[in-house]
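> Those sequence lines, one after another, are chains A and B. Just so we're aligned, residue 1 is where the first sequence starts under full-length UniProt numbering, counting upward by one. Just so we're aligned, residue 1 is where the second sequence starts under full-length UniProt numbering, counting upward by one.
Take these hints with a grain of salt, some might be off.
DSSO-like mimics (lysine-lysine), calculated; alpha carbons at most 30 Å apart, straight line [what the hints assert, rightly or not]:
id, chain 1, residue 1, chain 2, residue 2
1, A, Lys107, B, Lys51
2, A, Lys30, B, Lys51
3, A, Lys213, A, Lys30
4, A, Lys216, A, Lys30
5, B, Lys75, A, Lys216
6, B, Lys51, A, Lys216
7, A, Lys216, B, Lys31
8, A, Lys343, A, Lys333
9, B, Lys95, B, Lys31
10, A, Lys30, A, Lys107
11, B, Lys51, A, Lys213
12, B, Lys88, A, Lys30
13, B, Lys51, B, Lys31
14, B, Lys84, B, Lys31
15, B, Lys51, B, Lys75
16, B, Lys88, B, Lys75
17, B, Lys31, A, Lys213
18, B, Lys75, A, Lys213
19, A, Lys107, A, Lys216
Here are the simulated distance ranges between beta carbons [to be verified]:
id, chain 1, residue 1, chain 2, residue 2, range
20, B, Thr79, A, Ser208, 13 to 21 Å
21, A, Ser208, B, Thr35, 28 to 36 Å
22, A, Leu266, B, Arg86, 54 to 62 Å
23, B, Arg86, A, Lys213, 24 to 32 Å
Some, not all, of what chain A presents toward chain B, calculated at C-beta under 10 Å [unchecked claim]:
id, residue
24, Asp28
25, Leu162
26, Leu187
27, Pro199
28, Phe203
29, Phe206
30, Lys216
31, Val219
The hints are simulated quantities; they were obtained by calculation from the structure and are not laboratory data. Beta carbons are placed, not taken as given, at the ideal position from N, Cα and C, and that holds for glycine.
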Amino acid sequence: MENDFNDLSNNDSYTYDYNSTEGLCSVDHKLHVERFLQLYIHPIICIVGFIGNTLVIVTYALYKRTKSMTDVYLLNVAIADIMFVVALPLIIYSERHGWAMGNWSCKLLRGVYSVNLYSGMLLLACISGDRYLAIVQARRSYRLRSSTLLYSRLVCALVWSLALVLSLPTFIFYQRYQPSPFEYVSLEDSNYTVSNDSPYVCFFRFTSNVTAKTFKIAVPSAQVGAGFFLPLLIMGFCYISVIATLLRAKNFQRHKAVRVVLTVVLVFVACHTPYNLALLYRTATILDEQECSHEEAVELTIIITESLAYLHSCLNPLLYAFIGVNFRNHFRKIIEDIWCFGKNYMSARRSSRVTSEMYMSTRRSVDGSNSDYGTSFTM
Amino acid sequence: MSRISVATVILLVLALSAFCTDASALSCCRKYTQTRIHMSLIRGFSIQSNKEHCHLDAVIFHIYGGRNICTDPSKPWVTENIRKLREKVEAIKRKRRN
Numbered sequence: 001m002e003n004d005f006n007d008l009s010n011n012d013s014y015t016y017d018y019n020s021t022e023g024l025c026s027v028d029h030k031l032h033v034e035r036f037l038q039l040y041i042h043p044i045i046c047i048v049g050f051i052g053n054t055l056v057i058v059t060y061a062l063y064k065r066t067k068s069m070t071d072v073y074l075l076n077v078a079i080a081d082i083m084f085v086v087a088l089p090l091i092i093y094s095e096r097h098g099w100a101m102g103n104w105s106c107k108l109l110r111g112v113y114s115v116n117l118y119s120g121m122l123l124l125a126c127i128s129g130d131r132y133l134a135i136v137q138a139r140r141s142y143r144l145r146s147s148t149l150l151y152s153r154l155v156c157a158l159v160w161s162l163a164l165v166l167s168l169p170t171f172i173f174y175q176r177y178q179p180s181p182f183e184y185v186s187l188e189d190s191n192y193t194v195s196n197d198s199p200y201v202c203f204f205r206f207t208s209n210v211t212a213k214t215f216k217i218a219v220p221s222a223q224v225g226a227g228f229f230l231p232l233l234i235m236g237f238c239y240i241s242v243i244a245t246l247l248r249a250k251n252f253q254r255h256k257a258v259r260v261v262l263t264v265v266l267v268f269v270a271c272h273t274p275y276n277l278a279l280l281y282r283t284a285t286i287l288d289e290q291e292c293s294h295e296e297a298v299e300l301t302i303i304i305t306e307s308l309a310y311l312h313s314c315l316n317p318l319l320y321a322f323i324g325v326n327f328r329n330h331f332r333k334i335i336e337d338i339w340c341f342g343k344n345y346m347s348a349r350r351s352s353r354v355t356s357e358m359y360m361s362t363r364r365s366v367d368g369s370n371s372d373y374g375t376s377f378t379m
Numbered sequence: 001m002s003r004i005s006v007a008t009v010i011l012l013v014l015a016l017s018a019f020c021t022d023a024s025a026l027s028c029c030r031k032y033t034q035t036r037i038h039m040s041l042i043r044g045f046s047i048q049s050n051k052e053h054c055h056l057d058a059v060i061f062h063i064y065g066g067r068n069i070c071t072d073p074s075k076p077w078v079t080e081n082i083r084k085l086r087e088k089v090e091a092i093k094r095k096r097r098n
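For reference, chain A alone in the conformation it holds in the complex (with noise of 0.2 Å):
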């Protein structure tokens, strides 16, 4: 079925109402939404979560030399939700100008993207099993922990490569193309017309019918399975098992504890459980014959479910990292000095020797952080 008119496009082409179809529905209201959501909510979502994340990654990278198996994880996470947060502001300009920069800002964001998208998931899952051994197998994990940071690193290299290899279908079939009719052809007058002229889209395009029902329903299936289910799962296990552990425990602050672990899986589970159902459904409808409403609902939920998910990039910083004291200490010490270097940078003009005064309380501050090794274990 080789289009064998396009040599003779037509210039004046031809619209026709939308309003009045059968079976062809509008994408409107759903585009009205998404708009929204982009324009009013996303930019709030992507500058909080950039500023905890940064914020965490400059405590990191300046203050705490210490590196602990979860502070690896951290960290980490911290990276993933900032490419996160990047990415989606570039995704929605890029949509709103047609991808001008080409096709490989659409493989390449998109791809991005998605990586970001299971690592994220997936050291989330890392950070709790780290927990997992460090309070319930506390003794057969106690001589494990000497080689923790090799350990963690590993993980990490291990969770990278597999949101990779999960992710190589989005690098492989996103493309930049014109959402067209595949052919349209105008019969009137004894004249024809063959027009496209519709703005050009990121999506998956396939080459046949096959790989294109295959991979409509595996890419979101193992979106919802690698990137919610098994880290649920393993999020699930370890806490419960944390828990117990606490809650036989005779610690004064074990009840403090217990509440940081419910918030930490009540979050992610109110994030992310309405988004993934979501998406579930409509994986598991869409080759199906479908009413428009009922198309518009389910687009719908997905849209407004997915910000939702989006909105735990930039809590993970509050849940994860400023909830520990350890993480608040330093990063208290680079609250102070800033406030000194900025207290300096004013002295400055009066006196010559806030150089070597500088030198001296950063110093001082990277020595503090050195002392309490560690005991950086966030909660």
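Chain A is already provided as a structure; the job is to place chain B on it using the hints.
Below, chain B alone, put in the same frame as chain A:
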């Protein structure tokens, strides 16, 4: 104060009107019609493929009166109509050359 709010409203309206890009191109057939369409009603067609952003393979017939109807390309009457339409196009092409 009222000046500022007017400006805000105008800005909002402008921002919202920027939303209203051409969405028709992203519309997809999600269901096939049950009724047959006679050749004499058809003034054009387009083909939707599941290889792109739409998830069904479909033939959309554009009929007089401005309606567009999604049909199942595996139905013989649909392929038969397309064949006839292509013949018409070929005829027009030949006429143009002469």
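> Could you run down the list of hints and mark each one as holding or not?
Hints, verified against the model:
1. A:Lys107 with B:Lys51: With a Cα-Cα distance of about 17 Å, the restraint between Lys107 (chain A) and Lys51 (chain B) holds, given a limit of 30 Å.
2. A:Lys30 with B:Lys51: 21 Å, holds
3. A:Lys213 with A:Lys30: Holds, at about 23 Å.
4. A:Lys216 with A:Lys30: 20 Å, holds
5. B:Lys75 with A:Lys216: 24 Å, holds
6. B:Lys51 with A:Lys216: 9 Å, holds
7. A:Lys216 with B:Lys31: 18 Å, holds
8. A:Lys343 with A:Lys333: 15 Å, holds
9. B:Lys95 with B:Lys31: Violated, because 37 Å separates the two Cα atoms, which is more than 30 Å.
10. A:Lys30 with A:Lys107: 23 Å, holds
11. B:Lys51 with A:Lys213: 8 Å, holds
12. B:Lys88 with A:Lys30: 38 Å, violated
13. B:Lys51 with B:Lys31: Answer holds: Lys51 (chain B) to Lys31 (chain B) is near 17 Å, not above 30 Å.
14. B:Lys84 with B:Lys31: 24 Å, holds
15. B:Lys51 with B:Lys75: Holds - the C-alpha atoms of Lys75 (chain B) and Lys51 (chain B) are around 20 Å apart, at most 30 Å.
16. B:Lys88 with B:Lys75: 21 Å, holds
17. B:Lys31 with A:Lys213: 17 Å, holds
18. B:Lys75 with A:Lys213: Distance ~20 Å between Lys75 (chain B) and Lys213 (chain A) Cα, so the pair holds.
19. A:Lys107 with A:Lys216: 17 Å, holds
20. B:Thr79 with A:Ser208: 13 to 21 Å: 19 Å, holds
21. A:Ser208 with B:Thr35: 28 to 36 Å: At 31 Å between Cβs, range holds.
22. A:Leu266 with B:Arg86: 54 to 62 Å: 60 Å, holds
23. B:Arg86 with A:Lys213: 24 to 32 Å: Since Arg86 (chain B) and Lys213 (chain A) have Cβ atoms about 27 Å apart, the given range 24 to 32 Å holds.
24. Asp28: 5 Å, holds
25. Leu162: Violated - the Cβ of Leu162 (chain A) stays beyond 10 Å from chain B, reaching only about 28 Å at its closest.
26. Leu187: The hint holds - Leu187 (chain A) has a Cβ within 10 Å of chain B, the shortest such distance being about 6 Å.
27. Pro199: 6 Å, holds
28. Phe203: Status holds, d = 5 Å.
29. Phe206: 5 Å, holds
30. Lys216: Holds. Min distance 6 Å.
31. Val219: 13 Å, violated
Comparing the model with each numbered hint stated earlier shows that hints 9, 12, 25 and 31 do not hold.
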